[in-house]
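A.B. asks: Below, each chain spelled out in residue letters.
There are 2 protein chains.
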Amino acid sequence: MKQEQETPIAPVAGATLLTAIDFYFDFSSPYGYLASEQIDALAARFGRQVNWHPVLLGAAFKITGAALPVRQPLKSEYFLRDFARSARYQAVPFVQPMNFPLSTQHAARAFLWLHEQDAIAAKGLAHAIFRAYFTAGRDIDNIDTVLDIASALGIPRAPLAEALAAVSLKERLRHEMDRALARGVFGSPFFIVDGEGFWGADRLPQLERWLAEGGF
Amino acid sequence: MKQEQETPIAPVAGATLLTAIDFYFDFSSPYGYLASEQIDALAARFGRQVNWHPVLLGAAFKITGAALPVRQPLKSEYFLRDFARSARYQAVPFVQPMNFPLSTQHAARAFLWLHEQDAIAAKGLAHAIFRAYFTAGRDIDNIDTVLDIASALGIPRAPLAEALAAVSLKERLRHEMDRALARGVFGSPFFIVDGEGFWGADRLPQLERWLAEGGF
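Going line by line, the protein sequences match chains A and B. The opening position of the first sequence corresponds to residue 1 in full-length UniProt numbering, with each subsequent residue numbered one higher. The opening position of the second sequence corresponds to residue 1 in full-length UniProt numbering, with each subsequent residue numbered one higher.
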């Protein structure tokens with residue numbers, strides 16, 4: 001207990017000023033997965049919350065003109081090595097999926113649907129989807145796989161299946177994507193804290209210093 | 001002195017097995033510059049030498065299909081912030097050049113020419129060129145600027161000017177580029193140590209652990 005302020009009139013004033021960290025990721029992104037295993041604990045050390053935002057990188061790639069690294073000559077072999085090495089470096093379990101990359105709209109929509117009801121449960125689902133893909137190679141592009149993963153967490157299957165088929169949830173994801181692009185998100189993982197963007201799991205050390213020092 | 005081998009028949013055997021680190025960079029690459037200020041000291045802590053290899057990223061980009069980040073929508077603003085922030089993070093002096101990016105064939109050729117005569121002096125020239133560009137914004141695409149920078153280091157101007165105009169040095173750089181591409185180099189900085197490739201100044205922590213543990 002080192003709090004030595006003389007007059008703690010508003011002892012939580014500082015805490016309430018700490019805005020949440022926005023964490024954008026694609027469920028098909030290995031570096032997004034690595035970040036997902038670290039960001040909440042890192043943020044908590046500095047009293048920060050993290051808002052998770054699944055995005056579809058394809059939409060951003062259309063704007064930037066980027067191609068998927070694994071589809072590019074020279075880069076593909078490197079990236080497959082770097083995914084696994086970066087996971088070992090961070091001590092995060094990782095097995096390269098055979099079906100890679102894949103489309104993640106069902107996974108992203110399931111997250112959004114659950115998030116409206118229970119933000120904590122939605123993070124649990126996100127972890128389960130990421131781990132099913134990057135440790136067990138499950139085909140999370142398949143809507144039934146997403147439903148199976150959710151069911152295993154006790155999430156009612158029928159309402160989620162119904163929501164995934166509805167137009168409203170598709171429009172919700174499109175709206176989320178538009179907002180992300182408007183904020184400059186072009187890759188995964190992408191973090192925004194106090195207006196400052198950080199791209200890549202390898203920017204977590206800079207993000208950490210930013211939180212520790214209030215910018216640098 | 002913790003060496004407790006009973007029969008040190010070949011006490012320097014381990015040391016002689018340590019191969020050099022290959023460090024590939026483009027003189028127009030901010031992250032290449034940041035790495036250039038760190039790699040030799042890092043390597044020296046593990047008894048490693050570093051062989052410096054200037055490359056022209058344009059040739060690699062033609063193969064990978066990559067576009068320069070600063071020419072891509074969404075990414076350009078981010079990268080300009082990240083260059084400067086990463087420099088502050090590494091405590092390396094940095095001023096974003098106005099003329100950016102630029103062509104670096106004269107700088108690369110000057111390095112190769114000097115390297116054939118004096119590898120140490122060539123590293124000194126590389127540092128001087130990088131710093132002239134990334135701390136003083138000098139136009140290192142200009143052949144006279146390269147000659148000025150070299151002259152300031154005591155390198156005879158006339159022989160270098162003659163070499164830079166000769167076909168043989170141009171072919172030498174082309175040959176170096178072919179070798180780099182054949183080894184999978186597609187970006188700057190790019191490191192190869194014991195057959196393992198590391199791309200980016202942000203991979204120096206992984207490279208460091210690799211050196212410390214002999215792979216991981």
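Be aware that one or more of the hints could be misleading.
Partial list, computed: chain B residues near chain A (C-beta under 7 Å) [stated by the list, open to error]: (1) W52; (2) R88; (3) Y89; (4) V92; (5) F94; (6) E116; (7) R183; (8) G197; (9) Q206; (10) A212; (11) F216.
These are calculated hints, taken from the structure and not from any lab test. Glycine residues also receive a C-beta, built at the ideal position from the N, C-alpha and C atoms.
A.B. asks: Enumerate the violated hints, using their earlier numbering and listing them in ascending order.
C.D. replies: Per hint list: 1, 4, 5, 6, 7 and 10 violated.
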